[in-house]
Structures are given as structure tokens and as C-alpha cells.
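Could you slot chains B, C and D onto chain A? The hints should help.
Protein chains: 4
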Amino acid sequence: MSNSENRSWRQILHDIIYEADTPAGKVFDIVLLVLILASIALVMLESVKSFDEKYHEFFEVGEWVITIFFTFEYFARIITVKKPSKYIFSFYGLIDFFSTIPQYLAFFVIGSNALLTVRALRLLRIFRILKVTRYVGESNKLSKALKDSRAKISIFLFAVLILCIIAGTLMYMIEGEESGFTSIPVSVYWCIVTLTTVGFGDIAPVTPLGQFIAAIIMIMGYGIIAVPTGIVSAEYAKDYKNKNDIVTIDGEDYVHMNTQSCQNCGTRKHRDDAQHCHQCGYSLFDE
Amino acid sequence: MSNSENRSWRQILHDIIYEADTPAGKVFDIVLLVLILASIALVMLESVKSFDEKYHEFFEVGEWVITIFFTFEYFARIITVKKPSKYIFSFYGLIDFFSTIPQYLAFFVIGSNALLTVRALRLLRIFRILKVTRYVGESNKLSKALKDSRAKISIFLFAVLILCIIAGTLMYMIEGEESGFTSIPVSVYWCIVTLTTVGFGDIAPVTPLGQFIAAIIMIMGYGIIAVPTGIVSAEYAKDYKNKNDIVTIDGEDYVHMNTQSCQNCGTRKHRDDAQHCHQCGYSLFDE
Amino acid sequence: MSNSENRSWRQILHDIIYEADTPAGKVFDIVLLVLILASIALVMLESVKSFDEKYHEFFEVGEWVITIFFTFEYFARIITVKKPSKYIFSFYGLIDFFSTIPQYLAFFVIGSNALLTVRALRLLRIFRILKVTRYVGESNKLSKALKDSRAKISIFLFAVLILCIIAGTLMYMIEGEESGFTSIPVSVYWCIVTLTTVGFGDIAPVTPLGQFIAAIIMIMGYGIIAVPTGIVSAEYAKDYKNKNDIVTIDGEDYVHMNTQSCQNCGTRKHRDDAQHCHQCGYSLFDE
Amino acid sequence: MSNSENRSWRQILHDIIYEADTPAGKVFDIVLLVLILASIALVMLESVKSFDEKYHEFFEVGEWVITIFFTFEYFARIITVKKPSKYIFSFYGLIDFFSTIPQYLAFFVIGSNALLTVRALRLLRIFRILKVTRYVGESNKLSKALKDSRAKISIFLFAVLILCIIAGTLMYMIEGEESGFTSIPVSVYWCIVTLTTVGFGDIAPVTPLGQFIAAIIMIMGYGIIAVPTGIVSAEYAKDYKNKNDIVTIDGEDYVHMNTQSCQNCGTRKHRDDAQHCHQCGYSLFDE
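Residue numbers (UniProt numbering), protein chains in the order written: chain A, 1 to 287; chain B, 1 to 287; chain C, 1 to 287; chain D, 1 to 287.
If we strip away everything but chain A, and leave its shape as in the complex, we get:
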């Protein structure tokens, strides 16, 4: 086998795996996606006792088929990539490794029952869907909006947490252990359950004072749910206000200003399309 032939063989494999635009690449991507989904479905169904008893062997075979495919894919990626070490220690490289290895571990190491936790690692493949997913534009926008409002959301969550600790302690002192508020952490947990309007009902206040405080917490939770919504809405709305264009806010026009300063009078903040200084009339492009 000549060196050039070898290279072209690798090149084809590389195109199939990494180039989603070619027909073969598309087929590979779809097969990969189907297998990841099948893998996740298998992990989930295996955990259902009645299913596992009936179809245990079918599940076992399915797992091996998927695992062998992912093993081949893993080595194919290492061979075809330019810097194997970079892939191996990348986020997706580690996910590929740790989601494939449990099946071998469970086979070679006796006592697979104890490996439940390790086997669940196969679910890590779910993150790979994010890579194959379509709608990338939309998801980027979404994650950008969340990233931009990160500081605001974290200060909000921080305030919620402080509120929950204070209210939780208060409820612990008022309700006590008989009502299920067995400790401050449990009370804080209850408070989070209540403030977020989840309301399991496994713990609920029984004293009139406790119910009164609970009512206040609920109404607060009802009110402050508006805060993250307002934040994200504002963040989304910002997307529509692109630099250089006239921005219409409530019927009033705004325009972007550059940071150029007039050479005559030093005034700054001119319109991007300004020809003359709006203060002294001196040409902005004079030399």
C-alpha cells in the first residue's frame, strides 16, 4: 500500500466524519444521531425493571452494537485528525471516551451491579447531540442572550437564595419539627420549593402563623418571577437594535454615534454619517 493511497483513504474517512456537507457525511451524521438517541433510549429503558426482565438480552445486544460502533468511530476520529492528542483531551473527545468505556468495564470487571454509576456515563452521549443539532443559529442566539444576562441573573439568584435562607430559618423556628421542618437546610429547601411555585406538598405549614408567612413567600415568588423574565426580554429586544441604523424606541428615533471628535471645537459623539460638526459646522473630513 503506497503512502499516497493511505493518505487518500484517511482523507475520505476525514471527509465522512468531519464534513457534514458531503452526501456520505450527511448519512454518517444521521446514523450517528440515530445511534446516540438509541443509546440514550436503551440506558433509560434498561432502568425500568419490568422491561429489563423481559428484554434483557435484546438490550445487551443493542448496547454492544452501539458500543462497537462508537469504539470504531472513536479510533477513526483519532486516526483522521491532525493532532490526535488535541481531540482526545477535548470536551467531545472525553465524552466519547467516558461514554464508550463503561460497557467494556462492565464486561471485564466482575460485579457489574456495582457499576451502575459508571454505566450511566453512557448517557453522556447526549451532549454529542448538541454537536449534530440543527437550528445552530437559533441556539447560538439563545445561549448568547443567556450569557449576556449572566451577571444580572446571578445577582438575582443570589438575592433569591438569601431570601430563602432567611425565610427558611423563620419557618423552621415557627413550624418546628412536627410539621416536617426538621432542620434549617430542610426549611430552606421547602422555601425554594415554595418560592419557585413548584410546591410539592411533601412539607407544608400547619400553624396559622406559618401559613401566613408561607402566603407572603408565595406572593413574593409570584412577583419576583417577573424579574428574570424582564431581564431576558430586555436582552432579546436588544438584538433588534443594530448599530449604524436608526433605532426606534416607542416612536422616537435614535441613531448610533461614533467617537470621532471635531478638529475645530472638539465636540464628540457625531452621527456615523455626519459630514460636518453639529456644533460649529466645521467639516469633519477636513485635513
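Because the hints were derived from the structure by calculation, they are not lab data.
Note that the Cβ used here is the ideal one computed from N, Cα and C, for glycine as well.
One or more hints might be untrue.
[Said to hold, decoys possible] Straight-line alpha carbon distances no greater than 30 Å define the calculated DSS-like cross-link-like pairs of lysine-lysine that follow: (1) K26(A) - K147(B); (2) K86(A) - K26(A); (3) K26(C) - K147(D); (4) K147(B) - K147(A); (5) K26(D) - K82(D); (6) K82(B) - K26(B); (7) K49(C) - K147(C); (8) K83(A) - K26(A); (9) K86(B) - K147(B); (10) K86(D) - K49(D); (11) K147(A) - K86(A); (12) K86(B) - K26(B); (13) K86(C) - K147(C); (14) K82(C) - K26(C); (15) K147(C) - K147(D); (16) K26(B) - K26(C); (17) K83(D) - K26(D); (18) K147(B) - K147(C); (19) K86(D) - K26(D); (20) K49(A) - K86(A); (21) K147(C) - K54(C); (22) K147(A) - K147(D); (23) K54(B) - K147(B); (24) K147(A) - K26(D).
[What the hints assert, rightly or not] Which residues of chain B face chain D? A partial, calculated answer using Cβ under 10 Å: (25) T197; (26) V198; (27) F200; (28) G201; (29) I224; (30) A226; (31) T229; (32) S233.
Below, chains B, C and D alone, put in the same frame as chain A:
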């Protein structure tokens, strides 16, 4: 009966059924709406045991009256429409058929108890209300806003689902079967119940670590509920800003401007349909 | 007693009751508000058995004091108003009557236990708070925003209801009576509980298919909660764009401009109440 | 020890405690933050019985270390500040005092069991985090948005409360004591639990009419959750529209434009403070 007489008779029937603007058409629509609502009420009340025992015969008579009316209406629609096959296989044609047939099936086929599922098909008539409903302008706006944000909402729901699968698996491993987390699908179901802030409480974490993770899930759910709200709000707001068209906000007209600059005077921000510069009158399409 | 003296006495009473701007009127309003609140508190506390047993006589005395005050106030309003019949049959007149009469009924008619429902009518006084309440500007704005989005919200609630009826019927057929879904109306009730993310947990699906459908309902509820929010947000945002009036945003005044063009210089965008062109001073109403 | 030496020693201490910009001040702030968090964690963990039994002595030692540090800090603040009395009776001064004293009280006064409530005062230190917290800009914005919409939110909460009292009384009369609606206050509590979509499920309607009313309450709660969201969103959006001032969106500066048109070239949309046309340089105030 002459052919022309026959046609005119059909024409009148067609007008009654399809033309909501004529007085007879209006009466027909209202009768139809009332019968659909009565039909839905009957199906619902029949399912209440105590009611069914008392008023079984009344319900039966009511069902037959409604069914016979809908049967006549079905055939009338087929006769009066130009292409009967097109109506029969249309969405509303199929609903008309499948919502009328169960009563006959239950009568002719012995063992109507087993036909519960089939009888419930009568509830399909509910979709016909959508056709008769007023406020059409508003509902079109609503469905348009939802349709436009479909891509965004599906990527959002997809992210929520992945989150629920991961968190559900984690909770399954932490809490185990004693707490009601009997399998991964059940844990994922619990996770959806929690993240959406529904919180039935039929399953609830009991271990401190489980409650800690649950608290994180709840706060995340509380935070990300803001995302679809932000999306729909932005989508609604967009309705006011349609490029190229005149946008009417509170009865005032606005028009979108492009970023083209005039080759004569350099003025920018012309209307998209402008032929001449609005500053100097120079043709914008001159070469 | 002369007629003029009588009139002035009535005039004074009228001013006290109806004029909130005078010192006596202010005191009257505050006393009224305090008594209404005390009345509501009494009705609520009387319903608590342990309180009623202890303080029954105190409650009784309090009720009589309040009732006698409201009786005097009722007759005072009838005497001082110009058209007594108009007040008596107005919304607040009827509330005043029906919230005062139960105490007398309970006294004169033996068997006050059966009058529980009638006694609760005293709670109607709560509506009178709305009349005395401050922040009137804000509450008008709020009710206006709700009124303007009434059509949108009713079409939305209508869609939610249809969804609940369909999903409720589906759940009734899937889960059946063993899981608590005893009839279609109960299933629809459960569906509303779930879709609105309340989630009592008194009824909860137990079959895998039921839990799957429930998960879909919850995620839908989570998604469509965004719709009324978007509607109200848009409605609120509109408030800042009121034609013809001066709009104050952050302490700055804005005014709406029309599209009229000056017949002399052609300048457009005049204030709606402009008499002369703001550029050349030419009369806008010249012919 | 000379007076000047004494002052400089105090000056250094003052800088460490009050000046966050110096290296020593930063270290002090971080140590303080860590100790406050440790203190809160200790109070919470002590309330967990199983932990308290195991690590009681460790907790005791930890508490004393923290208490002694806070005692020193308290006196250091008194010494270094110009007007000690102002600090002592300030919000943070009182928090410092009441969060430090319980440990001494529990030591000197026998019967610390009865001092549970007093010991929980140590949790007051949580408020001090607010002082040390970073992201100050963001949290100021957040609290400003909440403060500005205070009037709106209070009228909204007031309306919610009236609604809950009316609906609660109705439910009390419909459901009665068998269903858990033991008194009007409890019914109002249940109504708040339901309207805020928390839904514990400890109390739930069982009669068809009660479930019908409950469904209406839930749908109303689902609808009116939109109101505070709309309010806060609008309040947030206002931040971007300060007329006459430079508006910063995404780090880019925008300025408001008026609708004045240049008398020389007719260009419109000048800055409010413009003296000359930005297109042709002609004076905007020429006559």
C-alpha cells in the same frame, strides 16, 4: 323537478352552510355552535357515573338528536360542495366523519362498553368550534406569533428535555427506588414536573443531596421560564416592525428605511421603495 | 327648623361623605376604611372555630358596632344624595344594602346557623375598599391594560380550555378510574391544574403512557404561559404612546405629532394642537 | 504612646476595614465574607440533628472562633469610626451587635435550649453579605427597577389579595370543613397557594363545584402572572430611553434626535443640542 330548480335548491343550502354573512347562514352557524357545545357537554357528563345512572336515557336521546343533525349536515355538505372528495378527505371532513360515526357503531355493534375509546371520538367536534369561532383576527395573530417563534421554541424545548434527561438520571442514581425514583424514565418525568414548576408531590426527594439537586433544578426552572416569555414577547413586538411594509402603530404609519446612500448628496436612509433621493431628488438608480 | 338650616345641615353631611378633599371628609374616609377592614377581619376570624369559641361575645359586639355605623351611613347617603333611587340601585348602593342586612336578619330570624351564606354577604364590603383606595391612577392604568387585552386574553383562555378538554379526555381514557381520573370533567380539572403549573398532586398519573402525556401537557403549559405575558407586556408598552396627550417618560415630556404638512414651507410633523407651523409660523388653518 | 502614633494606628485599621481598594482592605473583605458564609453554614448545619450529634464540639469551636472575630471587628469598627454612636445605631451596626451577642448569651445564661430563637439571630450576618457583594452596579439597577415599580406592584398585590379573600370565602362556603377548608383564613391561604400556582395539595377541593371554582382561580392566576412581568419588563425597558442624555446600549452610545429640519439642505433628525446641520454645516438657528 327541473335541473335548474335542483341547482337553486342546492345553491340555497350551500349559502346557508358556507355563507356566514346571510341571516340564514348566521342562524345555522349559531345552531351548529350550540349543538357542538351540547355534544361536548354530553360526552363529558356521560362519563360522570352518578349523572349517567340518573339521566342515562336523557343523554342517549340527546346524543341521537345531535348525531342525526350532524349526519344530515355531513351529507348536506357533501351534496352542496363542488368537489365532494375534497371535502371528505379534508381536515374538517374527517373530523365530521369520525365524530359522527361512533354513535352508529355503538348502536349496531354489540358490546358498546368496549367502544369507550371510539365514543370519545365524538369530542373531536371541539375542533369545529375553531372554525365557527369569532375573534378570528386575534386568533390568527396569536397562531402567527407562535408559528414564527416555532424554531426558537423547539430549540428551547429540546434544551429543556436534554436537561431533564441528565438531571433525571442523576436523581435516579442519588435517590434510588425507595424514594419513588423507580427508573430513569420516571425520574425524567419527575424532573419535568419539577422544572415546569408543576410539582405534584407524588414523588419527592428525601435525601439531603437529592433535595439539594432538586433545589438547583427548581431555581433553574424558575430562571428559564423567562426564556419562552422573552421569545414570545419579542415576537409580538416584531409584529409592529415589518420591513418594507408600512407599519401601523396606534393608527400612525411608519416605513422601513434602507442603508443606501445617494450618489449625488450622500444622504442615507431612504425608503425601500424610493426612486429618488428625498434630499436632492437625484435618481437612486442612475449609473 | 327653617328650610335653609335643614339644607345646610344636609350640605355639610354631603360634603363629609362625598368630598374627600375636606378635612372632615378625609377623617370620614379613613374611619370608613378602618371599619371595612375591621369588618372583613371579623368575618374571617369568626369562621375560625377556636377563636369564635373564646371571643364570640367580643365578635358579636364588634359586628353590631360596625353594622350600626354602616346603617347610619347608608341612610345618610340616601338623605344627602339628590336622587336616592339612583344611589339605592347603584352597584355600591346594593353592596351597602346587602352587606348590612345580614346582621339584622340573623338577629330577627331564629336559626342563624342556616344563615351562614347570608352572613358571608358582609364580606361584600370589601368591594367598597376599591372606592376608597388610593393609587387610583395606577389601578386605572392596570384595569385599562387588562381591558384592552381582553379580546386577546379571552381567545387565549378559550384555546387553553379546548386544549384542556382534549387532553383531559385523553388522560381519562389512558389512566382510568383507578388513578383518580374518575370522569372526564375531573380529568379536565386535573388538566387545568397541571397546565397552569399549580399541580396539587391529589390526582397524578401512574401509568407510563399517562405520565408521558402529562409531561407533554406540562411542557406545553410552561411554554404557553409566555403568551399572556407577551400580550400584557405589549399592552403596557402601548401605554407610553397615547396620541394627543403629553406622555411623560422618565420626567421628559413627549407629544404626539400628526402628518399634516405646512402649506407654506411643507414642514410636517406638527403637534396635534398646533395653530401655526413651528418652522415658518404660517397658520395651519389658512385657506 | 504619642497621640500621633495612636491616630496613625487607628488610621491603618480604618483603611483596612473601610477601604476595599487597598490590598489589606481586599484581604479583610474576603476573610469577612468567608467567615460570614462559614457562620451561616454553621447555623444551618447545627440545626440538622444527625450532624449536631456527631460534630457538636466542632460546631461549638467554630462558633466561638467566628464570634470572637466578629467581636473584635465590632469594637474595631467602633474605635476607628468618627462618630461611634452613628455606627452603633445604624442598620449594619445593629445587625453586627445582634448577630454576635447570642453566643455570649447562650454561654452565660443557663438553659441555652430556650435560646434557639436568639441563636438564630446569628443568621442576621447574611445581610452583611449584601454590603460586601460585588456586581454592585447590577444589583443597584435591579433594586431601582423594583423601587420604581413599587406603586404598580403594590396595587397589583392588593388586587390579588382582595381576589383571594373573596374566592377563599366562596370556597369555604362551597367545600366546607370536610375538605380541609376549616375556616375563611385557611381558605384564603389555600387560595393564595393556588393563585400563585404553588399548589401544595395539602388542601384540595373535592366537590365538583369547588373544583370548577378552583379551575377558574387557577386560570386567573395563570393569566395575571403576566401583569407583574409586564410591569417589570416595561420598567427595565424605560432604562434605555433617557431623552436628552446619551443612551448606552451594548457599550455603544446613542443619542436622541429631534425632528427639526435644516433650512439649507432640509436634512432632519438632528441631535437635540445641535447648533449646525450635520450634513451641510448650515446654522440651525439662522434667521
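Status of the hints after comparison with the structure:
1. In summary, the hint linking K26(A) to K147(B) is supported, as the alpha carbons are separated by about 28 Å, within the 30 Å threshold.
2. Restraint check: the Cα-Cα separation between K86(A) and K26(A) comes to about 24 Å, which is no more than 30 Å; the hinted pair holds.
3. Restraint check for K26(C) and K147(D): satisfied, since their Cα atoms lie roughly 28 Å apart, inside the 30 Å limit.
4. The straight-line distance between the Cα atoms of K147(B) and K147(A) is roughly 26 Å, inside the 30 Å bound, and the hint therefore holds.
5. For the hint linking K26(D) to K82(D), the alpha-carbon distance of about 22 Å falls within 30 Å, and the restraint holds.
6. Using a Cα cut-off of 30 Å, the hinted pair K82(B) and K26(B) holds, with the two alpha carbons roughly 22 Å apart.
7. Our distance criterion of 30 Å between C-alpha atoms is broken by K49(C) and K147(C), whose separation comes to about 41 Å.
8. A threshold of 30 Å between alpha carbons decides the hint, and for K83(A) with K26(A) the separation of about 24 Å falls inside it, so the pair holds.
9. For the hint pairing K86(B) with K147(B), the CA-to-CA distance comes to about 26 Å; that is within 30 Å, so the pair holds.
10. Between K86(D) and K49(D), the direct Cα distance comes to roughly 40 Å. Violation of the 30 Å bound is thereby established for this hinted pair.
11. Restraint check for K147(A) and K86(A): the C-alpha separation of about 26 Å stays at or below 30 Å, so the hint holds.
12. For the suggested pair K86(B) and K26(B), the alpha carbons sit about 24 Å apart, so the restraint of at most 30 Å is met.
13. Simply put, K86(C) and K147(C) have alpha-carbon atoms about 26 Å apart, close enough for the 30 Å limit, and the pair holds.
14. Proximity of K82(C) to K26(C) is assessed by CA-CA distance (about 22 Å); at most 30 Å being required, the pair is judged to hold.
15. Of the supplied pair hints, the one linking K147(C) and K147(D) holds, its CA atoms being roughly 26 Å apart against a limit of 30 Å.
16. A C-alpha spacing of about 55 Å is found between K26(B) and K26(C), which places the hinted pair above 30 Å, so the restraint is violated.
17. As the CA atoms of K83(D) and K26(D) are separated by approximately 24 Å, the hinted pair is consistent with the 30 Å bound.
18. A C-alpha spacing of about 26 Å is found between K147(B) and K147(C), which places the hinted pair at or below 30 Å, so the restraint holds.
19. The suggested pairing of K86(D) with K26(D) holds, with an alpha-carbon distance near 24 Å, which does not exceed 30 Å.
20. At most 30 Å may separate the alpha-carbon atoms for a hinted pair to count; K49(A) and K86(A) exceed this at roughly 41 Å.
21. Between K147(C) and K54(C), the direct Cα distance comes to roughly 46 Å. Violation of the 30 Å bound is thereby established for this hinted pair.
22. Our distance criterion of 30 Å between C-alpha atoms is met by K147(A) and K147(D), whose separation comes to about 26 Å.
23. Only pairs whose Cα atoms come within 30 Å are accepted, and K54(B) paired with K147(B) is rejected, the gap being roughly 46 Å.
24. Distance restraint check for K147(A) and K26(D): the Cα-Cα separation of roughly 28 Å lies within the 30 Å cut-off, and the hinted pair is therefore satisfied.
25. A hinted interface residue such as T197(B) counts as satisfied when its beta carbon comes closer than 10 Å to some beta carbon of chain D; here the least separation is about 7 Å, so the hint holds.
26. Checking V198(B) against chain D: minimum C-beta separation of about 8 Å stays under 10 Å; hint holds.
27. The restraint placing F200(B) at the interface with chain D holds, with a minimum CB-CB distance near 7 Å, inside the 10 Å limit.
28. Taking 10 Å as the C-beta contact cut-off toward chain D, the hint placing G201(B) at the interface holds, the least distance being around 5 Å.
29. With 10 Å as the threshold, the beta carbon of I224(B) stays out of range of chain D, its nearest partner Cβ sitting at about 14 Å, so the hint is violated.
30. A distance limit of 10 Å between C-beta atoms decides the matter here; for A226(B) the minimum to chain D is near 9 Å, and the interface restraint holds.
31. For T229(B), the interface hint holds, the least distance from its beta-carbon to any beta-carbon of chain D being 7 Å, beneath 10 Å.
32. Hint status for S233(B): holds, given a least beta-carbon distance of 7 Å to chain D, under 10 Å.
In this structure, the hints that do not hold are numbers 7, 10, 16, 20, 21, 23 and 29, in rising order.
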